[in-house]
Amino acid sequence: MLREIGLFGALVPSLLFYFLASIALFLVIDRLASPFGLYRLVWHPPLVRLALFVCLFAGLVLFTHP
Amino acid sequence: MIFAAKTTASGLIALLVAFTFNLDQPQWALLTVFIVAQRQSGLVLAKSFYRIIGTLIGAAAALLFVALFAQERVLFLGALALWVGLCTFGSQFARNFAAYAFVLCGYTVAIVGIPAALDVGNAFYIATARVTEISLGIIVTATVSGVVRPSALSAELRQAVADAHLWLADFVLAVIGERDAVMLRTKLISQAILIENLRASAVFEDREIRDRNGALRQFDIALLDVVGAAQVLGERLELLRQVTERVAAGVSEALADAAATVGAWRAGTIGADALRAGLLAAAGRSSLSRLQDFFAALVLYAEAHEGWVSRRVPAPGHVRLAHANDGVLALWTGVRATLAVVIVSTFWILADWPHGSTAAILAAVATARLTTMGHAVPVSIAATLIFGLATLPAFIIVEVVLPLVWGFEMFALIVTPAIFCCALLMASKKVEVQLLGFLSGLLFASVGLFQNRMVYDPIGLLNTAMAAVFAAGTAFVLWSIVAPDTPEAARRRFLRVAHRALAEVGAAHPRIGMAEFETTMIEALEQLRAHLRPDRQEDAAVLEKGIALLGAGREVIRQRGEPGSAAVNGLALAADRQLGRFRDAA
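Chains as they are written, first to last, in numbering that gives the first Met the number 0: chain A, 0 to 65; chain B, 0 to 585.
The following block holds chain A by itself, in its conformation from the complex (with noise of 0.2 Å):
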């Protein structure tokens, strides 16, 4: 169970840091990608975006949560 946080005396739900964590490995595997044209290879480019973005999350959520 994902426990909350407390920041500067508030709780915030740590999935919110991991969502925040996967934001930034999102945006920088996509930049690495863009340039090798690895979107051109796809039927459809959001779609993996976005599935990209959901293993990110949901693997970085499962891996490391105590």
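None of these hints come from the bench; they were simulated from the model.
Note that the structure is a prediction, hence the values are computed from the model and not measured.
All C-beta atoms, glycine included, are put in the ideal place defined by N, C-alpha and C.
Each hint can be trusted.
Residues of chain B placed beyond 10 Å of chain A at every Cβ, according to the derived structure: (1) T19; (2) N21; (3) A59; (4) L165; (5) A259; (6) T268; (7) G283; (8) E302; (9) V308; (10) L403; (11) K428; (12) K429; (13) F449; (14) E487; (15) R491.
Just a few of them, taken from the derived set where beta-carbon distance is under 7 Å, the chain A residues facing chain B: (16) P45; (17) L46; (18) L49.
Place chain B on chain A using the hints.
This is chain B only, laid out in the frame that chain A set:
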């Protein structure tokens, strides 16, 4: 249709997620979906980022207001009204991602601030809950609009450019052949305006278009330059034909040569370089300077078109652009939003109406969205009535049918048609219908009070509906009374923009260049055109005069090599005369 399906899907997914995570008031997620739903998609990440920033700023401002004036409701509502007005002004005046942030900023302040002020102890909790729900709505809408059939604005833009190119070639041939080109000219000018508008939206959608923004701008300006030069040439030719036969003969030869070259260029057998050589040879046959100007404009256009088609990244010489967003117009919009909140909250305080808070929130929300839509008085009355009538189906769905269902699937089955109908209306091209769909969606989302454990409260629903009708009615009345958007107002606005632009062009130390002047004027012209009826003779005359103003200003800029010289002063005078003529026509 696709837009409606996308909006419905976004709404249902947002509700499902909100139910799954047991959020406090899922209806705000649905309401947010209606607020942020837009037909264009693309660059969803950047747009949502700015929207979420706006939400956070709004929530922070709401908490600040609560901390400052929670005990004094008059002060609190006054500050709130001013803030909503400010955000509405900003969303109208800003012309980029900031506009998205402003919309959400005003909206969040209203829906966080009022409940938080009524329950000060839980203010922070309320703020985080609303921010979560709004962000959920934003993210779901962005994801769905980005993944499902992203609309291809850039394809539309490429088609528009290709059409314009063909028409321009036809137009040039008509001018050279001394045939009637008025129809084609009007078509070209509206096409240039269309390209400019598509470009302004597509920049946010397509990275490639954004990189090649400069090439497209140059294309559009070169296009208008050719049209302008052709007009001047036509007038001069008319004059020449009356004065002397000998000069006219030289011109005719030059024109015949040019016609052959342009014909080959139109067919695509020769490129811009060959066109330049051909036109140079043709221009040598006549000393008429207007003809040379016209050919020069045409060559520039051909190069700009080649630059666009060849996908060559343009030289870094960045074109500075200006936007014609009229400060006065945006200011009135802000004033209307402020007044709407003030009137509704005054009524709330005076009448001690328990649902006044809902009305105040909805007034703020409705005016925030109305900023993007203009309309007339009779429509507003009809819309308020129909809006009131929409309560009945909403009542039946929420209070009669929903208590019978069990589980999210059944719930979705009942709610989907209602959301879909609203979204379908919103997808319409007609502003009035859009407005109707949007308001019905707002009504449905706010009276539904969809929760995990639904609390059915018919009296509450009717009260909320009354609040919504009251809020919408107030917004409409203000829209019709306070500085209404009439054709006369549009003409005055155009005159104001044109006057300012021409004054800057003619100033001793001009601060604006060709590109800025032309974007300003083209946008102003487009706004003017939206209010004119093409079938009316005098409206067409007004537009014609407006286009003449654009040409006059362009001539001033081109000639102002040495500011303050006699030629520039003369041209500035001529431009002023054009302005006077436009004023007379309007």
